[in-house]
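Residue numbers (our numbering), protein chains in the order written: chain A, 1 to 243; chain B, 1 to 501.
Hints are computed from structural coordinates only; laboratory data are not their basis.
A hint or two may mislead.
[As the list claims (entries may be wrong)] Cβ-to-Cβ under 10 Å is the rule here; a few derived chain B residues that face chain A:
#: 1; residue: Y28
#: 2; residue: I33
#: 3; residue: V67
#: 4; residue: F68
#: 5; residue: T201
#: 6; residue: T372
Glycine is no exception: its CB is placed at the ideal position from the N, C-alpha and C atoms.
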Amino acid sequence: MLECRGMNRRTLLSSLVFSAASSFTGLYAVTDSSSTEQTWVVSLESFRASHADQMPHLHSYLGGTFLPYLNQIHRGPIMFLDAIVAPHTPQALVLTAFPSFAEMIEIRAKIAAHPDVQRARADRECGEAQILITSPDSLRFHAGPTRRRDGIFELRTYHAPTWRDRPPAAVNAAFRRAGIRPILTASAAGEHVPRFTFLVAFESLAIRQQAWESLEADSQWSDLEAKVTSASIYKLAPYSPLS
Amino acid sequence: MAWSFKIFPSIGIARIGNHLGSSPQDYYVGPEIPGTVIVPPNGYKDSSGRVLRQAARFRIYGWENGVFMGEITSSVADITWTVELANTKAAFNRFTGIGEPTGPLRNASVTDRSSLMITPGPRTIAGPNGDAVFDTGLFMGTPVPLGEIQTDSNGRLLVLGGFGNSSSPTNAPLTSFDNNDGWHDDVSDGPVTATVAIHGTHRPVQASGAWVICPLPRFAPPIFHIISLYDTLLQVAVDRLGYQVPYPSSFTNDVYPILQRAIQYQWVTTKIGNRHAPLQAVIPPPATTDQRNMVFQQLRDPAIYPTVDTPHLMPAIWTDYFAEVFGIRGHGSPNTGHWANHSLTPTQYNVMQNWAAGNFINDWVGPPPPGTTITPDGLTRAALENCSGGPFFPGIETSFFTRDAYPYVEPFRLDGSQLGAGDLTKQQAVPWQTDFFDCVFQSPLSWWPAAHPDDVFTVNSNNYVTWDRGLNSFSDMVNFWSGLGFLVQSGDTIIETERTL
Chain A
1 MLECRGMNRR
11 TLLSSLVFSA
21 ASSFTGLYAV
31 TDSSSTEQTW
41 VVSLESFRAS
51 HADQMPHLHS
61 YLGGTFLPYL
71 NQIHRGPIMF
81 LDAIVAPHTP
91 QALVLTAFPS
101 FAEMIEIRAK
111 IAAHPDVQRA
121 RADRECGEAQ
131 ILITSPDSLR
141 FHAGPTRRRD
151 GIFELRTYHA
161 PTWRDRPPAA
171 VNAAFRRAGI
181 RPILTASAAG
191 EHVPRFTFLV
201 AFESLAIRQQ
211 AWESLEADSQ
221 WSDLEAKVTS
231 ASIYKLAPYS
241 PLS
Chain B
1 MAWSFKIFPS
11 IGIARIGNHL
21 GSSPQDYYVG
31 PEIPGTVIVP
41 PNGYKDSSGR
51 VLRQAARFRI
61 YGWENGVFMG
71 EITSSVADIT
81 WTVELANTKA
91 AFNRFTGIGE
101 PTGPLRNASV
111 TDRSSLMITP
121 GPRTIAGPNG
131 DAVFDTGLFM
141 GTPVPLGEIQ
151 TDSNGRLLVL
161 GGFGNSSSPT
171 NAPLTSFDNN
181 DGWHDDVSDG
191 PVTATVAIHG
201 THRPVQASGA
211 WVICPLPRFA
221 PPIFHIISLY
231 DTLLQVAVDR
241 LGYQVPYPSS
251 FTNDVYPILQ
261 RAIQYQWVTT
271 KIGNRHAPLQ
281 AVIPPPATTD
291 QRNMVFQQLR
301 DPAIYPTVDT
311 PHLMPAIWTD
321 YFAEVFGIRG
331 HGSPNTGHWA
341 NHSLTPTQYN
351 VMQNWAAGNF
361 INDWVGPPPP
371 GTTITPDGLT
381 RAALENCSGG
391 PFFPGIETSF
401 FTRDAYPYVE
411 PFRLDGSQLG
421 AGDLTKQQAV
431 PWQTDFFDCV
441 FQSPLSWWPA
451 AHPDDVFTVN
461 SNNYVTWDRG
471 LNSFSDMVNF
481 WSGLGFLVQS
491 GDTIIETERT
501 L
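Bound-form chain A, shown alone (with noise of 0.2 Å):
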């Protein structure tokens, strides 16, 4: 994770870049143990704002500046977040899902050159930036029904010793059982600890709390050992694609 506080905001971009540079070693660790499968990098930044009425400026950048340009550069699975609550608001979140690191470094690097996006990156507040790992069947930003636009997004990360490398087969079952289907599931590239990152889209806060009671109350998944370290529930932005 990098942590942007006290950085000078014009450098989170290239400062993103540096951090998932160094993570380089750690990342080829983690995709050399699985060289077989295919993986996918995920990109989570955060933009904060320090006030509410700066929100509709930070979605003008998002919406107008950075996804068009995304979208002429990148055809991997986007989706942009607004938090309805978490530990910073307000906050957006953008996810971006690259087929390779190389190719997330490549788009990095020319979203950064972009004079429209430096030029609106001089204004924005820094946030924080994830980078993590997954494989394809594990992302399904596409999946679902339209009516998730209505919903409710979660993200969701577990400390969990022994899941290993990737969750076993025993979460998604008990995710099943209690309702839970992940859009995401991903774990922290380059690092060796075992910290697992679900994204999860609920149609709403009442279904979202009556899936994790049934979850908590489920006997296997307490056999599982994994103790939430962090969560945070979104809307999604209205310009944000579904995919």
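Fit chain B to the supplied structure of chain A, relying on the hints for placement.
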């Protein structure tokens, strides 16, 4: 999936003002980020010279199964706030010094004690954009409005205090700085509670409660008290709750603020002038051991009994055991050569002692800029660092009871189940203006120069002038307090503005 909720700030500050409006343009919200100074867009007064009220904004933060989730607003939850404000000063004990916490009653001849208590009762509002008014309190049968509560579009709570009205229905004279029978003012305090139901759960949960104090205006916002209420209640947390202060200390976050506050006092008292220049010599760190020791050796050791004189040691503010020093009630005591000053808190003193010994983190990259992020703990700190943490004789925003007697459920969070509305202000002077008039420099020490500046600079003067010039009596302060100027940063200086006397 159990949710728990807490209200922040755990103690909020809403300051009185005599501008009567209650629309958003009629008040300003107090500091919510530590180190920030709020300057309203059009100043602290309206075009008629009336002082705007400072609102206290309260927010709910949520934890789910112990995991911090963030702020909870009305977009995800049904929030119902309940606030009670009261002013019970006139029914409480006469102030006779903190060594005498159970003195005789104020207004002892009044048998109907409830007639002395301004207690409009609790007000409840649910959801965004609500409001309720504390307009049913009476003092000796006379209505005394104490303010109102509102919720904003996100369901956050705003508390607005009274209007600076102090009077005597019996036309009693003002005779002392602290106890004036027959008089009331409209400062107040009380509990802030809330129930929260995450949408779809249908299970309202009681949030851990907070408290609001509605004291007098803060006329010198850029000047921080050398011992703030945050420092004092941090010491309470250390002493009574086992809170552990990080060690070693940060120069930037722990040492520098103490030095800087002392340096900034040059803008509110002529007694300092350039005498604090040696403090500039130890910034930036590390400075030499001799330089650090020279500063540290000027500080009074908090282990010294409060009534003992420590001539010329700092800070140069009176002890809150003032009455005991003189063997009498303190008011009007002539200068008898005493230098019984208030010490830093033990935690502040330890920070300085360790710094002098070289045990600190040199993290200096320049004066720390104000933060940009609102956090739960930051909300509390921002509120309390703008209040006086002593001396409590009897005090500005609250009294020695808050430090010495009242119970806390966690650091900075009072145990509301054992307190009542009005308890945090009941031992303050009644009316507040008499103490505020009196609490000027009293040779050889000051009282609260960050609350009541002794001497200031004006935009037209390079020499100190008396801040409360033109006010010559208790009555003058009661009638004309809103004419006093506010201090603002102007380049590298701090000057008086908006004086309307």
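Does the structure break any of the earlier hints, and which numbers would those be?
1
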